[in-house]
Amino acid sequence: MSRLHVNTRVNGDSVDFLCEPEETLLDVLRNQMDLTGAKEGCGTGDCGACSVTLNGRLVCSCLVLAAEAEGQEIGTIEGMADGETLHPLQQRFLDHAALQCGICTPGILIAAKALLEKNPNPSETEVRYWLAGNLCRCTGYDKIIRAVMDTAAEMAEA
Amino acid sequence: MALDDSNKRDFKIVGTRPLRPDGVDKVTGRALYGADLSAPGMLVGKILRSPHAHARIRSIDTSAARALDGVKAVVTAEDFDPVGDDFTQDILDNCLARGKALYDGHGVAAIAATSEKVARLALKLIVVDYEILPHVTDVDAAMRPDAPVVLSGRAQENVPAGLSENVTSYFEFGHGDLEAGFAKADKIIERSFKTAATHQGYIEPHACLATMAADGRAELWCCTQGPYMVRDVCAAIMGLDSSQMRVTSSEIGGGFGGKTTVFIEPVALALSHKSGRPVKIVMSREEVFRATGPTVSSSTDVKIGMTADGRITAGQAHLRYQGGAFPCGTVEFGAQSAFAPYDLDAVRTLGWNVLTNRPKEAAYRAPGAPMAIYAVESVVDELCQILSLDPLDVRMKNAAKKGTLSSYGPTFNEIGLMATLEAAKAHPHYSAPLGPNQGRGLSCGFWFNFGGNTCVSLNVNTDGTVGVTEGNPDIGGSRASIGMMAAEELGIAYDKIRTIVADTSSLGHNDVTDGSRVTFSVGLATIDAARGAIREMCGRAARIWGIDADAVVWKDGAAMPSGANAGEFPPMTLAEIAASSHSTGGPIAGHHEGTADGAGVSFGVHLVDVETDMETGAVKVLRYSIFQDAGKAVHPSYVEGQMQGGAVQGIGWALNEEYIYGEDGRLQNAGFLDYRVPVASDLPMIEPVILEIPNPGHPYGVRGVGETPIVPPLAAISNAVSRSAGVRLAELPMSPPKVLKAIKAAKA
Numbered sequence: 001m002s003r004l005h006v007n008t009r010v011n012g013d014s015v016d017f018l019c020e021p022e023e024t025l026l027d028v029l030r031n032q033m034d035l036t037g038a039k040e041g042c043g044t045g046d047c048g049a050c051s052v053t054l055n056g057r058l059v060c061s062c063l064v065l066a067a068e069a070e071g072q073e074i075g076t077i078e079g080m081a082d083g084e085t086l087h088p089l090q091q092r093f094l095d096h097a098a099l100q101c102g103i104c105t106p107g108i109l110i111a112a113k114a115l116l117e118k119n120p121n122p123s124e125t126e127v128r129y130w131l132a133g134n135l136c137r138c139t140g141y142d143k144i145i146r147a148v149m150d151t152a153a154e155m156a157e158a
Numbered sequence: 159m160a161l162d163d164s165n166k167r168d169f170k171i172v173g174t175r176p177l178r179p180d181g182v183d184k185v186t187g188r189a190l191y192g193a194d195l196s197a198p199g200m201l202v203g204k205i206l207r208s209p210h211a212h213a214r215i216r217s218i219d220t221s222a223a224r225a226l227d228g229v230k231a232v233v234t235a236e237d238f239d240p241v242g243d244d245f246t247q248d249i250l251d252n253c254l255a256r257g258k259a260l261y262d263g264h265g266v267a268a269i270a271a272t273s274e275k276v277a278r279l280a281l282k283l284i285v286v287d288y289e290i291l292p293h294v295t296d297v298d299a300a301m302r303p304d305a306p307v308v309l310s311g312r313a314q315e316n317v318p319a320g321l322s323e324n325v326t327s328y329f330e331f332g333h334g335d336l337e338a339g340f341a342k343a344d345k346i347i348e349r350s351f352k353t354a355a356t357h358q359g360y361i362e363p364h365a366c367l368a369t370m371a372a373d374g375r376a377e378l379w380c381c382t383q384g385p386y387m388v389r390d391v392c393a394a395i396m397g398l399d400s401s402q403m404r405v406t407s408s409e410i411g412g413g414f415g416g417k418t419t420v421f422i423e424p425v426a427l428a429l430s431h432k433s434g435r436p437v438k439i440v441m442s443r444e445e446v447f448r449a450t451g452p453t454v455s456s457s458t459d460v461k462i463g464m465t466a467d468g469r470i471t472a473g474q475a476h477l478r479y480q481g482g483a484f485p486c487g488t489v490e491f492g493a494q495s496a497f498a499p500y501d502l503d504a505v506r507t508l509g510w511n512v513l514t515n516r517p518k519e520a521a522y523r524a525p526g527a528p529m530a531i532y533a534v535e536s537v538v539d540e541l542c543q544i545l546s547l548d549p550l551d552v553r554m555k556n557a558a559k560k561g562t563l564s565s566y567g568p569t570f571n572e573i574g575l576m577a578t579l580e581a582a583k584a585h586p587h588y589s590a591p592l593g594p595n596q597g598r599g600l601s602c603g604f605w606f607n608f609g610g611n612t613c614v615s616l617n618v619n620t621d622g623t624v625g626v627t628e629g630n631p632d633i634g635g636s637r638a639s640i641g642m643m644a645a646e647e648l649g650i651a652y653d654k655i656r657t658i659v660a661d662t663s664s665l666g667h668n669d670v671t672d673g674s675r676v677t678f679s680v681g682l683a684t685i686d687a688a689r690g691a692i693r694e695m696c697g698r699a700a701r702i703w704g705i706d707a708d709a710v711v712w713k714d715g716a717a718m719p720s721g722a723n724a725g726e727f728p729p730m731t732l733a734e735i736a737a738s739s740h741s742t743g744g745p746i747a748g749h750h751e752g753t754a755d756g757a758g759v760s761f762g763v764h765l766v767d768v769e770t771d772m773e774t775g776a777v778k779v780l781r782y783s784i785f786q787d788a789g790k791a792v793h794p795s796y797v798e799g800q801m802q803g804g805a806v807q808g809i810g811w812a813l814n815e816e817y818i819y820g821e822d823g824r825l826q827n828a829g830f831l832d833y834r835v836p837v838a839s840d841l842p843m844i845e846p847v848i849l850e851i852p853n854p855g856h857p858y859g860v861r862g863v864g865e866t867p868i869v870p871p872l873a874a875i876s877n878a879v880s881r882s883a884g885v886r887l888a889e890l891p892m893s894p895p896k897v898l899k900a901i902k903a904a905k906a
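In order, the protein sequences belong to chains A and B.
When you line the first sequence up against the numbering used here, it's residues 1 to 158, in that order.
When you line the second sequence up against the numbering used here, it's residues 159 to 906, in that order.
No wet-lab data here; the hints were simulated from the structure.
Incorrect hints may appear among the rest.
No more than 20 angstroms apart at the CA atoms, straight line, and that leaves these computed lysine to aspartate or glutamate pairs for EDC-like [unchecked claim]:
hint: 1; chain 1: B; residue 1: 899; chain 2: B; residue 2: 889
hint: 2; chain 1: B; residue 1: 778; chain 2: A; residue 2: 150
hint: 3; chain 1: A; residue 1: 118; chain 2: A; residue 2: 68
hint: 4; chain 1: B; residue 1: 345; chain 2: B; residue 2: 330
hint: 5; chain 1: B; residue 1: 899; chain 2: B; residue 2: 773
hint: 6; chain 1: B; residue 1: 282; chain 2: B; residue 2: 227
hint: 7; chain 1: B; residue 1: 275; chain 2: A; residue 2: 27
hint: 8; chain 1: B; residue 1: 432; chain 2: B; residue 2: 274
hint: 9; chain 1: B; residue 1: 170; chain 2: B; residue 2: 850
hint: 10; chain 1: B; residue 1: 258; chain 2: B; residue 2: 323
hint: 11; chain 1: B; residue 1: 282; chain 2: A; residue 2: 124
hint: 12; chain 1: B; residue 1: 778; chain 2: A; residue 2: 22
hint: 13; chain 1: B; residue 1: 275; chain 2: A; residue 2: 20
hint: 14; chain 1: B; residue 1: 275; chain 2: A; residue 2: 22
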């Protein structure tokens with residue numbers, strides 16, 4: 001089968017690419033666009049390390065076919081900071097030492113950003129359930145949850 | 159140089175919480191991990207794995223795969239020469255099976271192709287003719303004389319007779335008269351326990367990018383806890399000099415001990431050598447579960463005697479660990495650590511290591527200790543229940559302290575066990591009220607800690623900044639703590655320091671990032687390298703001032719005369735000395751090369767409240783507190799992180815995680831959906847309480863903290879379940895069906 005030509009937008013820029021029908025969005029982001037911030041931890045949608053947004057909706061990019069990106073708006077970790085200015089979540093993750101190895105961090109930041117856009121004032125339980133699809137093996141989640149709650153409080157004040 | 163100034167020191171930077179220097183890269187997606195690097199002309203490498211638990215390989219026909227358009231190289235075990243030593247040969251044979259496939263998932267052949275698609279297709283074209291053999295995956299079954307033999311001729315001489323050849327090593331530790339000890343007891347309990355194998359569960363699968371050219375020079379990029387280990391093992395396997403093999407460690411996406419050996423790197427090198435092109439291999443999650451190191455599974459018998467007032471009179475443990483298809487020594491650590499928290503007159507531990515048709519065991523955070531201490535701490539808790547004694551009081555009554563002859567031989571120096579027990583007792587958690595079906599459990603934890611071989615260079619730049627070059631991958635904030643210790647010793651600001659992890663050609667040997675050794679050992683080396691640079695800078699100041707070098711001291715980041723007799727000179731800062739260095743003798747640097755002793759053992763106590771759902775058997779962790787001696791917490795946030803993360807791995811081990819094998823010897827849950835690690839919604843906040851009992855073996859008093867936290871959760875949770883559900887389980891994990899079965903059995 002011939003390759004498919006896909007037109008899409010990534011982090012606000014228009015992009016086009018050719019892909020095999022069975023290639024995932026994660027494959028294309030990593031292997032064609034050199035956007036390696038999204039990680040493949042499982043390839044089965046269980047770990048959330050490949051989290052991106054598709055038209056603002058949180059998805060595992062390993063479960064999205066690249067061809068499905070046609071005409072969509074994709075958001076990745078590489079587009080989260082505004083130039084030199086980190087997103088408040090990124091800054092709070094640093095302040096709280098909410099990462100150890102850092103491999104799950106891009107996915108968790110994307111997921112947390114999607115949460116705060118939907119629910120700017122989440123309870124601890126809401127944060128824990130929203131992030132239940134993002135595995136972290138280093139931190140025990142404590143500092144991650146605190147960083148997200150703290151960001152929400154800070155953004156509410158702003 | 160005196161190393162015992164920790165008590166007197168007034169720290170300026172150590173103990174604060176600055177931002178980690180690699181943080182921005184890691185929150186913006188810029189940090190490069192194992193799978194993130196590509197090379198021009200790169201091929202995709204893939205490994206074909208055995209679907210059988212135990213099978214003789216009659217033949218491997220790769221002709222159809224080789225003929226496929228886009229396939230550039232195929233390798234099997236036949237492409238490698240014998241290595242010469244068992245340790246390295248086992249590593250190689252674990253990468254690609256030689257003669258027999260020893261477990262479900264064992265690699266048998268590998269290909270390199272121009273694309274992922276072609277590589278996958280090519281694997282399907284390889285024809286392996288297997289003769290299926292009987293298999294064994296259970297540790298007790300594997301020890302019986304009639305068990306299928308995994309590997310012959312690997313048993314050490316001291317293994318007692320009458321057991322299967324699968325029993326490869328035997329250990330014995332202890333002291334005192336057990337019989338006399340048990341005779342003094344008012345109550346003796348003897349119980350048997352089993353723990354399942356668990357996986358380290360790092361989120362980053364193993365990945366590497368290898369280039370080996372026709373001239374025999376090799377470059378390797380990989381995620382590893384030990385680039386020098388990778389270099390030396392791969393050089394031995396490929397028949398290269400270490401100088402021709404340069405290993406660069408990527409950022410590492412978790413390891414926990416599981417990245418202290420190699421699984422794919424020699425295969426990628428061989429494929430690259432054959433094809434003449436760079437080869438990248440990235441494992442799938444299924445491959446990680448089936449073919450990389452889980453921890454051992456265990457079967458243990460423990461017997462403990464106690465007086466009515468809570469004094470332990472004797473303790474005995476028999477430990478049987480299976481470490482998969484190759485010999486391992488993990489039970490030695492279990493036998494050494496089982497009774498480490500106790501000061502005992504009579505103690506004896508025996509351990510047997512056993513081969514099974516499972517993946518080769520790799521280290522996992524305090525390897526061997528959690529399952530041993532789980533068994534001992536469960537029996538101690540049951541004795542407390544039966545004798546109506548407070549479990550913390552009993553621990554304090556029997557706690558190991560300075561001067562205690564440990565159960566494994568050495569006499570303890572300054573240790574923090576009693577301080578952690580006292581802190582737990584004083585904490586509000588210990589006296590907080592509990593609701594229905596809720597229970598509180600506790601357990602002590604222990605790990606030896608390790609120092610090892612370390613090499614560090616510290617360079618003073620002419621603009622007054624400093625570069626620290628070290629050789630241990632930053633697995634959880636070590637660049638920050640190393641930079642902090644350099645800044646502390648030099649007396650300059652933390653942000654004037656940049657710490658980098660060197661490749662293997664740029665710095666002398668460094669042992670693997672293991673044994674909780676990095677903050678201790680690399681920290682010690684960094685401090686010593688800083689002191690070397692300070693001596694040099696004092697010498698430069700002396701030369702400028704025209705006085706003796708002995709008459710110059712270093713204080714607050716500057717050289718100054720040691721007293722009035724030395725002369726009247728204003729302090730000369732590091733930046734000033736650095737700026738003039740090219741006219742006072744050249745570049746300024748400090749180095750440390752050495753083997754660090756004195757790592758200082760580590761103790762902790764965990765306190766947990768759980769609630770058991772009596773209808774489903776599900777156990778919910780409600781509250782969790784950790785009390786641990788860190789010696790000196792260099793960056794408290796990352797010390798807390800080690801404590802919290804280790805505890806949660808232990809919670810997973812206690813409640814959910816296990817390798818499940820079918821009758822066919824195949825792993826049934828090789829994915830995160832069915833091998834369930836704890837997720838955020840399973841957990842409460844984890845409260846860390848850091849105690850600081852300085853380690854006399856480190857200039858700042860530092861002890862390793864990384865491993866001890868995984869040890870106590872197993873027994874602490876089991877003890878809490880027993881008090882919340884009224885049933886004591888003797889098997890991990892305590893998954894809902896097992897807990898429910900025990901509840902129903904108790905009611906019947």
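### Task
Quickly compare the C-alpha distance for residue 345(B) and residue 330(B) to 20 angstroms and report which way the hint goes.
25 angstroms, violated
### Query
Are the Cα atoms of residue 778(B) and residue 150(A) separated by 20 angstroms or less?
Violated, because 25 angstroms separates the two Cα atoms, which is more than 20 angstroms.
### Query
Are the Cα positions of residue 899(B) and residue 773(B) separated by 20 angstroms at most?
Within the cut-off at roughly 10 angstroms; holds.
### Message
Against the 20 angstroms threshold, does the CA-CA distance of residue 170(B) and residue 850(B) hold or violate the hint?
### Response
Holds, at roughly 16 angstroms.
### Query
Are the Cα atoms of residue 275(B) and residue 20(A) separated by 20 angstroms or less?
9 angstroms, holds
### Task
Given the hint that residue 275(B) pairs with residue 27(A), test it: the Cα-Cα distance must not exceed 20 angstroms.
12 angstroms, holds
### Task
Mind checking the alpha carbons of residue 432(B) and residue 274(B) for me, to see if they're no more than 20 angstroms apart?
Holds, because 18 angstroms separates the two Cα atoms, which is no more than 20 angstroms.
### Message
Holds or violated: residue 118(A) and residue 68(A), Cα atoms, limit 20 angstroms.
### Response
23 angstroms, violated
### Query
Can the restraint linking residue 275(B) and residue 22(A) be considered satisfied, given a maximum Cα separation of 20 angstroms?
10 angstroms, holds
### Query
Regarding the pair residue 778(B) and residue 22(A), is the alpha-carbon distance no greater than 20 angstroms?
Violated, at roughly 41 angstroms.
### Query
Does the structure keep residue 282(B) and residue 124(A) at a Cα separation of 20 angstroms or less?
With a Cα-Cα distance of about 48 angstroms, the restraint between residue 282(B) and residue 124(A) is violated, given a limit of 20 angstroms.
### Query
Does residue 889(B) lie within 20 angstroms of residue 899(B) when you go C-alpha to C-alpha?
Given that 20 angstroms is the threshold and the Cα spacing comes to 12 angstroms, the pair holds.
Checked against the numbered hints above, the structure violates hints 2, 3, 4, 11 and 12; every other hint is satisfied.
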